[in-house]
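Participant: Work the whole structure out from these sequences, hints included.
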Amino acid sequence: MSTIEDPSWHTVTVRVPFASPKHASIAKQAIEVDRELQPQVVKRTIEVDDDVLVATFKTLTVRLARLTVNAYLENVDLVVKTIGEFGEEAEHPPS
Amino acid sequence: MPGKIRKRSPLKPPERPYIALGLEGSANKLGAGIIKHSPDGSTIVLSNVRHTYITPPGEGFLPRDTAQHHREWAMTVINDAFKKAELSIHDIDCICFTQGPGMGAPLTSVALVARTLSLLFSKPLVGVNHCVGHIEMGRQVTGAQNPVVLYVSGGNTQVIAYSQQCYRIFGETLDIAVGNCLDRFARVINLSNDPSPGYNIEQMAKTGKRLLPLPYATKGMDLSLSGILTSTEAYTLDKRFRFNENSREGDNDNIITPADLCFSLQETIFAMLVEITERAMAHIGSKEVLIVGGVGCNERLQEMMGIMAEERGGKVFATDDRFCIDNGIMIAQAGLLSYRMGFQTPLAKSRCTQRFRTDQVHVAWRA
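Listed in order, the protein sequences are those of chains A and B. Using the numbering used here, you'd call the opening residue of the first sequence number 2 and step up by one each time. Using the numbering used here, you'd call the opening residue of the second sequence number 273 and step up by one each time.
Please keep in mind that the hints were generated in silico from the structure rather than gathered at the bench. Where is the CB? At the ideal position from N, CA and C, for every residue including glycine. Some clues are possibly wrong.
[Said to hold, decoys possible] Facing chain A, a subset of chain B residues (Cβ under 10 Å, in silico):
#1 Arg343
#2 Ile361
#3 His362
#4 Gly376
#5 Leu384
#6 Ala386
#7 Leu389
#8 Ser390
#9 Phe393
#10 Ser622
#11 Arg623
Facilitator: Here it is in structure tokens:
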């Protein structure tokens with residue numbers, strides 16, 4: 002059995018900068034809710050470093066790393082699109 | 273049960289107008305709808321926008337591509353809904369989204385948008401069961417009081433009755449859904465998926481002349497459809513089968529056309545649905561039938577159900593394609609009802625699930 006510390010596992014870190022720490026935190030909260038589909042072979046941690054969303058993936062195989070990062074980037078893309086479309090409006094509530 | 277006392281509804285009239293956004297994306301339709309509940313008890317549909325992912329003839333929709341479609345169209349559809357309602361997201365009370373059942377990837381994409389909006393605008397989230405959405409919208413549009421519900425769509429086939437704050441499943445398909453059966457047969461005979469394969473089958477069935485023998489597979493309150501699909505497909509390999517309608521002319525009229533097969537398939541499976549629905553009506557003593565779900569806008573199904581209901585002294589309630597086919601407004605309606613009862617989905621519990629049974633929902637808003 003491999004463990005997370007096993008050197009044969011692969012690690013990928015993705016850093017996505019956002020316009021503000023608030024937006025990065027929104028992205029973290031929205032994305033984090035969905036579990037990885039194969040939690041026994043993919044370990045994911047998502048953190049916010051100021052206005053940067055930092056995701057680290059540890060996977061058993063290179064193929065899994067590719068699939069996981071792909072799916073993650075699609076999700077980030079969707080969140081970024083949503084914030085891009087409605088973020089401005091959200092900042093200006095009607096008085 | 274005569275003399276049954278109707279309990280008072282636990283849902284209090286709203287003290288102020290409530291407005292909800294509903295986001296739906298459990299299959300190939302992406303929908304956004306905005307609904308308003310007024311203090312005078314009226315319910316107003318402010319907007320109901322839908323965009324359907326249509327695949328080429330002969331192909332079904334796959335989860336990955338469908339999710340891709342929803343991601344591409346989400347912003348347009350949501351913006352359209354608010355434009356038509358002439359509102360801003362700040363004006364709504366809650367954001368409702370489909371939590372299940374459905375295809376995983378499309379569900380997750382739409383839920384992600386719902387969560388992001390909820391965090392951006394600090395609006396509460398309400399997770400809605402897709403089937404309950406259909407039932408509540410059907411009840412709202414038709415005004416049916418306590419109907420037996422026949423929920424027929426591409427992914428679900430259930431006969432449902434309400435009892436003790438729960439929509440109980442009386443009978444359902446044991447294998448594939450009715451809509452799935454029709455859609456897959458449409459693929460076999462290469463019908464277009466625009467506007468929907470079921471609609472094209474319905475149109476084609478109108479010119480069918482022969483009722484071919486097909487298996488009739490009700491199993492008590494349940495039914496089985498995959499064998500019927502296989503049998504119908506097998507007719508396309510029969511030596512009497514002619515793909516071209518016009519070859520009926522001439523001296524040989526012993527042929528089978530695609531229209532005959534559409535007609536026979538519809539008649540057989542709809543007869544099965546009517547049978548189990550009638551049994552459920554007899555069991556609970558209701559005289560009302562409500563047909564919801566995408567297949568529910570099939571007029572032949574409504575007609576057959578109508579004949580059965582009439583013989584029992586009852587009535588059929590059905591809606592048109594705006595509310596039958598998956599839409600955002602039904603999610604908003606069901607979500608707003610539970611929101612008014614104090615229900616909210618915390619962010620940590622807003623994960624979607626492909627398996628979410630109709631009877632898992634606590635129907636707090638009904639007596």
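Participant: Each hint needs a verdict: does it hold in this structure or not?
Facilitator: Against the structure, the hints come out as follows:
1. Arg343: 5 Å, holds
2. Ile361: The hint holds - Ile361(B) has a Cβ within 10 Å of chain A, the shortest such distance being about 6 Å.
3. His362: 5 Å, holds
4. Gly376: 8 Å, holds
5. Leu384: 5 Å, holds
6. Ala386: 9 Å, holds
7. Leu389: 6 Å, holds
8. Ser390: Holds, because the Cβ-Cβ distance from Ser390(B) to chain A comes to roughly 8 Å (cut-off 10 Å).
9. Phe393: 5 Å, holds
10. Ser622: 6 Å, holds
11. Arg623: 5 Å, holds
In terms of the numbered hints stated before, the structure departs from none.
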